[in-house]
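J.: Make the full structure from the sequences, and use the hints.
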Amino acid sequence: GAVVSQHPSRVICKSGTSVKIECRSLDFQATTMFWYRQFPKKSLMLMATSNEGSKATYEQGVEKDKFLINHASLTLSTLTVTSAHPEDSSFYICSASRRGAHQETQYFGPGTRLLVL
Amino acid sequence: DQQVKQNSPSLSVQEGRISILNCDYTNSMFDYFLWYKKYPAEGPTFLISISSIKDKNEDGRFTVFLNKSAKHLSLHIVPSQPGDSAVYFCAASFGGGADGLTFGKGTHLIIQP
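In the order they appear, the protein sequences are chains D and Z. Here the first sequence is numbered in the numbering used here, starting from 392 and rising by one per residue. Here the second sequence is numbered in the numbering used here, starting from 766 and rising by one per residue.
Wrong hints could be hidden among the right ones.
[Stated by the list, open to error] Restraint ranges, calculated between C-beta atoms of paired labels, are given here:
#1 Z:G825 <-> D:K446: 34 to 42 Å
#2 D:T473 <-> Z:G825: 38 to 46 Å
#3 Z:P774 <-> D:K446: 33 to 41 Å
#4 D:E478 <-> Z:I818: 14 to 22 Å
#5 D:E478 <-> Z:R826: 36 to 44 Å
#6 Z:P774 <-> D:H493: 30 to 38 Å
#7 Z:G825 <-> D:E478: 25 to 33 Å
#8 Z:K833 <-> D:D456: 35 to 43 Å
#9 D:A463 <-> Z:A863: 14 to 22 Å
#10 Z:Q768 <-> D:D456: 22 to 30 Å
#11 Z:Q768 <-> D:S409: 26 to 34 Å
If you are wondering where the hints come from, they were derived from the structure by calculation, not from laboratory data. For glycine and all other residues, C-beta sits at the position ideal for the given N, C-alpha and C.
T.: Listed below in structure tokens is the structure:
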């Protein structure tokens with residue numbers, strides 16, 4: 392299957408600081424990457440859709456100024472949580488979309504556990 | 766309002782038997798469905814998918830069935846193995862998978878020895 396990496400896997404930061412999470416597709420080029428968030432014992436919720444070279448599309452209720460997304464190349468997207476607060480503590484997962492013959496399948500990274508103190 | 770529903774939070778199946786995980790959706794515009802397997806603190810692993818133009822897709826021990834009129838899909842795992850124990854998420858998408866996924870809440874599958 393396709394390989395997607397995420398870095399860091401775990402980060403602890405102080406309230407008010409910014410944290411950057413990287414998502415890379417290692418063995419394919421992904422024109423579209425997605426960012427999800429998972430709360431404890433909850434499903435994954437789509438935060439934003441990131442297309443290479445253009446602005447990200449955010450889902451309703453997601454603050455674009457707080458969750459900055461940059462998709463600089465076909466293999467790299469970054470999510471920066473700015474001025475982090477304890478309520479931003481969560482499990483953030485990215486996915487990269489791989490185009491097949493008729494459909495696109497999303498392959499997920501291993502996730503990043505963020506804890507804001 | 767949940768557009769993708771997995772009504773069984775957990776399912777226990779004996780090793781070697783068939784595991785059947787169910788998923789219902791409400792939005793008839795979904796045209797691509799996927800199943801993912803997930804362990805705690807890890808990203809989901811893609812298992813199998815199906816397009817809305819098909820009613821069945823098979824890959825090894827995994828088969829996904831789609832009933833469009835009932836807006837229902839199911840994942841069959843046969844035979845079930847201990848390593849199949851995990852949380853299984855059903856996901857749906859528009860545009861052949863080009864859009865973000867809408868996930869169900871997951872079903873925790875437990876394979877009993």
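J.: Each hint should be assessed against the structure and marked as holding or not.
T.: Going down the list of hints, with the structure as the test:
1. Z:G825 <-> D:K446: 34 to 42 Å: 40 Å Cβ-Cβ, so the 34 to 42 Å window holds.
2. D:T473 <-> Z:G825: 38 to 46 Å: The hint (38 to 46 Å, Cβ to Cβ) holds, given that T473 (chain D) and G825 (chain Z) are roughly 44 Å apart.
3. Z:P774 <-> D:K446: 33 to 41 Å: For P774 (chain Z) and K446 (chain D) the Cβ distance comes to about 38 Å; the hint holds.
4. D:E478 <-> Z:I818: 14 to 22 Å: violated (42 Å)
5. D:E478 <-> Z:R826: 36 to 44 Å: With a Cβ separation near 41 Å, E478 (chain D) and R826 (chain Z) satisfy 36 to 44 Å, so the hint holds.
6. Z:P774 <-> D:H493: 30 to 38 Å: holds (33 Å)
7. Z:G825 <-> D:E478: 25 to 33 Å: Roughly 42 Å apart at Cβ, these two residues miss the hinted range, so it is violated.
8. Z:K833 <-> D:D456: 35 to 43 Å: holds (40 Å)
9. D:A463 <-> Z:A863: 14 to 22 Å: holds (21 Å)
10. Z:Q768 <-> D:D456: 22 to 30 Å: Holds: the Cβ-Cβ distance is about 27 Å, inside 22 to 30 Å.
11. Z:Q768 <-> D:S409: 26 to 34 Å: holds (33 Å)
In terms of the numbered hints stated before, the structure departs from hints 4, 7, listed from lowest to highest.
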